[in-house]
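**Student:** Chain residues, written in single-letter form:
Protein chains: 2
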Amino acid sequence: LSNNYESLDYDKIYNMIDLNKEPKSANREFVKNLSRWIVMFLVGICTGLVGVAVDILVETFSKIKYSLIAETITECTSKGCLWKPLVIWISSNIGFTLISLMLVLFLAPASRGSGIPMVKCYLNGVKIPKVIRIKALISKVLGISSAVLGGLACGKEGPMIHSGAIIAAGISQGSSSSLGFDLKIFKYFRSDTEKRDFVSGGAAAGVSAAFGAPVGGVLFSLEEGASFWNQSLTWRIFFGSMVSTFTLNIFLSIINGKFGDMSNPGLINFGRFQNTTYTWFELPIFILMGSFGGLIGALFNYLNIKLTKFRNRYVKNNLSNIAEGLIVASVSATVGFLLSFYISKDCQPIGRDLVSKYPVQLFCDDGQYNAMSGLFFQTPENSLRSLFHNPPGSFNPITLSIFCVVYYLLAVWTYGLAIPGGLFIPSLLIGAAWGRLLGLGMSRKFPNLHIDPGKYALIGAASTLAGVLRMTLSLTVILTEATGDISLGLPIMFSVLAAKLTGDLFNEGIFDMHIQLSGIPLLDWDPPATTEKLNIQDVMTHPVIVFREKETVGRILEVLNETKHNGYPIVDDSIDSSNGHFGLLKGLILRHQLITLLKRKCFLNNDVKLLPKDFREYYPRYIDIKDIQIDEDYMKLELDLRSYMNLAPYSLTEDSNLPRVFRLFRGLGLRHLIIVDKNNNVVGIVTRIDLARYR
Amino acid sequence: LSNNYESLDYDKIYNMIDLNKEPKSANREFVKNLSRWIVMFLVGICTGLVGVAVDILVETFSKIKYSLIAETITECTSKGCLWKPLVIWISSNIGFTLISLMLVLFLAPASRGSGIPMVKCYLNGVKIPKVIRIKALISKVLGISSAVLGGLACGKEGPMIHSGAIIAAGISQGSSSSLGFDLKIFKYFRSDTEKRDFVSGGAAAGVSAAFGAPVGGVLFSLEEGASFWNQSLTWRIFFGSMVSTFTLNIFLSIINGKFGDMSNPGLINFGRFQNTTYTWFELPIFILMGSFGGLIGALFNYLNIKLTKFRNRYVKNNLSNIAEGLIVASVSATVGFLLSFYISKDCQPIGRDLVSKYPVQLFCDDGQYNAMSGLFFQTPENSLRSLFHNPPGSFNPITLSIFCVVYYLLAVWTYGLAIPGGLFIPSLLIGAAWGRLLGLGMSRKFPNLHIDPGKYALIGAASTLAGVLRMTLSLTVILTEATGDISLGLPIMFSVLAAKLTGDLFNEGIFDMHIQLSGIPLLDWDPPATTEKLNIQDVMTHPVIVFREKETVGRILEVLNETKHNGYPIVDDSIDSSNGHFGLLKGLILRHQLITLLKRKCFLNNDVKLLPKDFREYYPRYIDIKDIQIDEDYMKLELDLRSYMNLAPYSLTEDSNLPRVFRLFRGLGLRHLIIVDKNNNVVGIVTRIDLARYR
Ligand SMILES: Nc1ncnc2c1ncn2[C@@H]1O[C@H](COP(=O)(O)OP(=O)(O)OP(=O)(O)O)[C@@H](O)[C@H]1O
Ligand SMILES: Nc1ncnc2c1ncn2[C@@H]1O[C@H](COP(=O)(O)OP(=O)(O)OP(=O)(O)O)[C@@H](O)[C@H]1O
Ligand SMILES: [Mg+2]
Ligand SMILES: [Mg+2]
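Residue numbers (the numbering used here), protein chains in the order written: chain A, 1 to 695; chain B, 1 to 695.
Simulated from the structure, these hints should not be mistaken for laboratory data.
Careful, some of the hints might be misleading.
In this list, chains with the same sequence are indistinguishable; a pair is considered to hold if it fits within one copy or across any two.
Below, simulated SDA-like cross-link-like pairs (lysine to any residue); rule was C-alpha separation at most 20 Å, straight line [stated by the list, open to error]: (1) K316 to I327; (2) K678 to T541; (3) K12 to R663; (4) K678 to H581; (5) K195 to L522; (6) K599 to D627; (7) K135 to G180.
Please build the complete structure, drawing on both the sequences and the hints.
**Tutor:** What follows is the structure, encoded as C-alpha cells:
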C-alpha cells in the first residue's frame, strides 16, 4: 500500500464552537437545501453540454478524416497507389494521438485512462492528488476526442463519468484554484462531505449523458461509491442525471436538425432492436454466453495487468510514453488497413450496412462494399451499431472472428496508454463481434428458429463488458437503458450475472485490479473473511502521538514537522505512556486545524475564537506546515485546543475484533478511530491504511 | 409513540465465545454463502408462484362473475328487470368481501391493508408482532383475491410485496412455528440480521412479480428499507427479483396458452404504448401534471388519515369492521351500476375497447357498448389498460370526470378497511382517468399536434401514484419497467419528482402517515433539523439499570420481571449510582440471553458454556420471563455473565449531540447505545424509542 494518498474527512467535527453556536435558522437550512438542487441542476446541464462538445468534436473531425481517406481509397484502388490512403490514415492517427498524449503527459496526468477508478477511490474516501481539477477536465475532454479520432481502441463514454465528477466538484465549490477565481458562492459546501455528495451526483450525470441512462447513473454511483444510501441525496443525484441526459438530448437533436425530436439521450445509443422477443429456452444460451464473456474478460484483465506491470517498469518517462502511444496508433491504422484490404474478401451489397457513412468498395464488385473496412472505418460507436443492427448476413464469419481477435489485442494494448480513454466501447465491440458470430452460427444450424444475430451481438457485448468490469446491477440497467427497450432486460441481467460469477473465479474487475496495483488504500464493502479472528491490537498503531488540551507551540510545531499524521488524539494532562497508555481521551484535533491555529497565531490570545469559516478558508488545499514561520520567542506559549477539538471522536475499546472496526469505518466513513482501554485511556489509533492492508 | 413494538437485533454480539471459537473454515463460509443464493432462488420462485396463484384466482372467478352479470344485463335490458343484475352484482361483491374481511379479522389481522408500511417498518428495524407469519401470507393471498373480486377499489399489487417478504422469512428460517414444522436447515440464518436481508430480498421479489420490474424491486427495497447499501446483498436481491418475474412470466405464459412467449412479466402490465415519442415542449405540461398529481395525492392522504382516525375511534370491534366493509362493497357495486346505467350516455362502437372482455350494450344502439360500464365492469387492472390504450375518443369527457371523482372517493374510503388491498392500482386508475381527460382536452384544442390521450393517461397515473406514495426513484423505475419501454422514462421521472415535491408541501406519503398514526418508532433517514442543538443528556434515559459481571440469580429475576428492557449494560463491581454514574462499562447483555441462561440453569455450574446455537434455539419467539420457574434456594447463586456479554457494545461519550447519535444508530442499525462519561462510566442509555420521538 502506498502512503501517498490522503483520506477525505467525512466526519463532521463536533466541538465547542458548534455547541455555542446559534441553532441554524430554518430559513438558512432551506436556502442551503435549495442550493443543493440548483447545483445539481447546473451540474446536469454542464455535464450534458460537455457530452455535446465531445460529440461535436469527434463527429466533425471524423467526418473530415474518413471522407478524405475514403476519397483517396476510391481514387487509388484502380490507380494502385494504395500506400497513399495508408499514409494519410497513419499520419492522421498519429497526429490526433499525439495531441492526446501531450495533454495527458504535460497538462494533467490525472486525466489518464478511464477515470472511473479514480472516481471510485474518491467516493470511497481516498483523495488522489489533482484528480478533481479543471485541468483534468480540459485534458479529458480534448484528449478523449483526439484519442477516438486517433483511431485507438477506446471509447468516449467512460471518461464522461470523470468529467461529470470534476464538473460537480467545480460548480459546488464555486471556485477554481487552477483558474484562479472564486465566486464566493456556495461557501457552505466547502467540506469533503458535501463535495463527495456532489461528486457522486456528477459521476451519475456523466453516466447518464454517456449512455442516456439516468437510472443506470444513479445505480452506478451507488454501486461504485456510496456506502451509505441516503434517500434525499439519491433524489438529487437522480435529478442531476435526468437534467444531464435531457440537455444532451435537446442539443444533439438541434444539431442533427431534428429540433424537438428527443432521440439522442446519450453519447452512445444502441438503437432500437427490431426483434426483442426471446423464448425461455434461449436463456441457458444467454447464461453460457455470459460465462464465456466472463472468461475472456478475466483473460483481458490478466493480460492488461501484466502489461501494466511491464509498463510501470519500462515505460516511465514522457518520451517512451509518447513513443508507445504513437506505435499503438500506427499499428491500429496499419492493421485495420491490411485486414480490410488484403485479407478480407467479405463483399456486401451497398445499403446493407445501415450505419456506416463511408462504405469503401476496394476490390469488391461495383455496388458492393468491403465489410471489414466497415468495421474499422468509422468511429467505434458506429461499428457497434452496425454489429447490432445490420441485417443477418451482412458480415461473414471470418470477418467477425478476425475483427474480434485483433480488436481484443488492440484493446488490451490500448488501455493504460497515456491517453484518456474508456473501456466500455472496446469491450462492447469485442463482445458484439463474437456474439454476432455465435448468432450467425446458430441461425445457420437452426434456420427455422429465425434467430436474429443482432440480439446475440447485444448479449455478447453485455457479457464481455461485465466480464471486464464486473459490475452487475448498474451495468444491467445502463445497457438496458441504452437499448431503449426493457424487453431485453432479463437476458442482459442473466448474462451479466453469469459473467460476473465466472470472471470472479479468476480475478477481480479491471478497475479494482488497477487500483490495487497503484497501492491505493481502498476499503472493501465487507470485512475480508480472513480478519474474523484478528483483534484490534493486531491492527492499531501503537505508540500514539497525542497532544494535551493546552499544548506548547514548540511541541505542536515539532510534531507536525516530524510526523505526517492528519489527526492527533487529545488527552488530559496525566500522560504516562510507560504502561502503554497515553492518557484519558478528551478529543481529537486534525492537522489542518492545528496549522490554521498556528497561522492565525491564536496562541497570542487564547480568548479569540476562530469560526468554522476560518478553518474552511484554505479548503481544499491547506497550507503546508513548512510554510509556517513562528518566532522562537513564542515557542513556549500555550495553545488552548479545547474549543476546537472534536469532543466526541469515535472510539472503540480494545476488546473489539477487526470486522467490527471495519463496519464502523465503512458505515460512518471514518478517518480516525481511537482505540481506548476500559478506562477510556488512549492505547492506539486506527486509520484507513491500517485496514486497507487486509484484502 | 407506542411501546408495543420491539426492535430487531442487528448488531452481532461479540463475546468470549466468539473469541475462543475456531475461525470459520473457508468451506463453511462458502456453503453459507451458497445457501444464501439458494434461498433467494427459492424465494424468487415461490413469490412468482404466489403471484400466479393470485392471478388465477382473480381471473377465474372474475370471469364467472362478470360473464354471469353481463348475460343477465343483456337479458334484462329489454325485459326491464335491471334490478336482477344489480342484486347479483351486490351480492357477489358482498360475498367475496365477506371472505376477505373474515380472513383479516379472524385469521391474521396483520394482513390488513397494503402491507408495505409493515415491511417498511421491519426493514427499518421494528418488529411488528405477527407480520412475518405464514398465516398472514395465507390471509393475504386469499384475502386480496377476494377483495379484488369483491369489486373494491383496491389492487393486488401492493400486497405482493408483503407476501414476498413473508415467503423470504419463512424459507430462510426453514421452519414455521404456526405450521409447527422445522426442517432444521439454514439454521445459521436464524438471526435478525440475516432474516432482514432475506426479507428485503423477498419484498423486492414481490415488487418484481407484481409489476414485472426486477430493477424497480431492488430500488424499492433500498428506498424503503435498507440504510446500508451492501453490494453483495444487492446482487442477491437482484437475482431473487429476476427469478421471481421470470417464474411468473413462464407460468402465466403457459396458462395463457402461449408457451415460450415471455409476455407476462408482472401481475400488471401496462402494455405497449404505440406512440412513445414526446417533444420537449410537452415536458412543462408533464411537470404541471405531476404537481397536480401531488395535490390530489396530498388531499387523498389527508382525507384517508381523517377517516382512519375516525375509524380508530368508532369502528373498533369485528362486527363494525365487517359492517363497514360490506357497506363499501355494496356502495361500490351500486354506484358503478347506477353510473353506467342511468347517467352515462357514452356509447361506443364495439371493438373500440381493446381490453374489456365483457362489453355491455345497455341502452346503446346495437353494435355499441356503454363506455362507463367498461370501466366499472372489469378488474381494475383491465380498466387501467383500457384507459391507457383505447383509441382516442373511446371515452367521452363526462364519463372520465365522473369516473375519476367517484373512484377517488371510493378509494379513499376503501384503504384502511379490514381487508388486504393495495393503493397502486386505485391511484393509477384515478390518475389515468384525469390524465386521459386532459389529453382529450388538449387534442381537441390542438388537433394538429396528434396528441395521444393514452400517453397523458400514463403521466397522470404516475403523478397521482407519486402524489399518494411519495416514492421517486423506485416508482419511476417500476412504472417504466411496467410499460416495458424506456422512452417514456424521462416524462415519468419529471412528473413523479414534481408530484413528490408538490405533495411534500402539504403532508407525507400515505404509508408514512399511517405509520406515524400507529405510533411505530420509525427512524428517519436523516436526523431531523430540530435536533441540531439537542445534547445526548436531553435524550438518554438516566437511571440505567445495570448488572454486575457476576450477578445473583435473584436480582436478575427481579429486574427481568420488573422491567421490560431488552438490554442491560454490565459494569464492574464499583457501582455507586449516587453521583449519577453507574459503574465502569464492561459490556452489554440482552434480555433473551439472560432468559436462556436462567432456563438452562447455568448458575449451577458457571464452567459449562453455552454455545451460540443454544441461544438461537428459541429464536424468534423467545421464552417469556414469566415461564421461568426457579427454586427459591438458587436465588443467592451467582451467574457469571462474562463469557456471554457483548464485550464491545457501542458507546458514546456524553458530549455528543443528537445528530451524531442518530447517524450512529441509523448507520450501524443499533438497538442500544450506551452513554458514558469521560472515564467510561455508564451514565445513560439510548434506544430507538428515545430517538424516534423527534420527528
Ligand atoms: N496520532 C497518531 N499517532 C500515531 N500513529 C498514528 C497517528 N495517526 C495515524 N497514525 C498511524 O500512522 C499510519 C499512517 O498515518 P496517516 O496519519 O497518514 O494515516 P492514513 O491512513 O494515511 O490516512 P490519512 O493520511 O488520510 O489521514 C497509520 O498506520 C496510522 O495508524
Ligand atoms: N437497561 C436500561 N436501563 C434503563 N433504561 C433503559 C434500559 N434499556 C432501555 N431503557 C430505556 O427504556 C425505554 C424503553 O425501553 P425498551 O428497552 O423497551 O427500548 P425500546 O426503544 O422500546 O426498544 P426495544 O424494546 O426494541 O429494545 C427507553 O427510553 C430506553 O432508553
Ligand atoms: Mg497518510
Ligand atoms: Mg420496547
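**Student:** Next, verify each hint and record whether it holds.
**Tutor:** Here is how each hint holds up against the structure:
no.	hint	in the structure
1	K316 to I327	within (16 Å within a copy, 82 Å between copies)
2	K678 to T541	within (18 Å within a copy, 22 Å between copies)
3	K12 to R663	both (18 Å within a copy, 11 Å between copies)
4	K678 to H581	both (11 Å within a copy, 15 Å between copies)
5	K195 to L522	within (19 Å within a copy, 29 Å between copies)
6	K599 to D627	within (9 Å within a copy, 68 Å between copies)
7	K135 to G180	within (12 Å within a copy, 68 Å between copies)
In the structure shown, no violation is registered for any of the earlier numbered hints.
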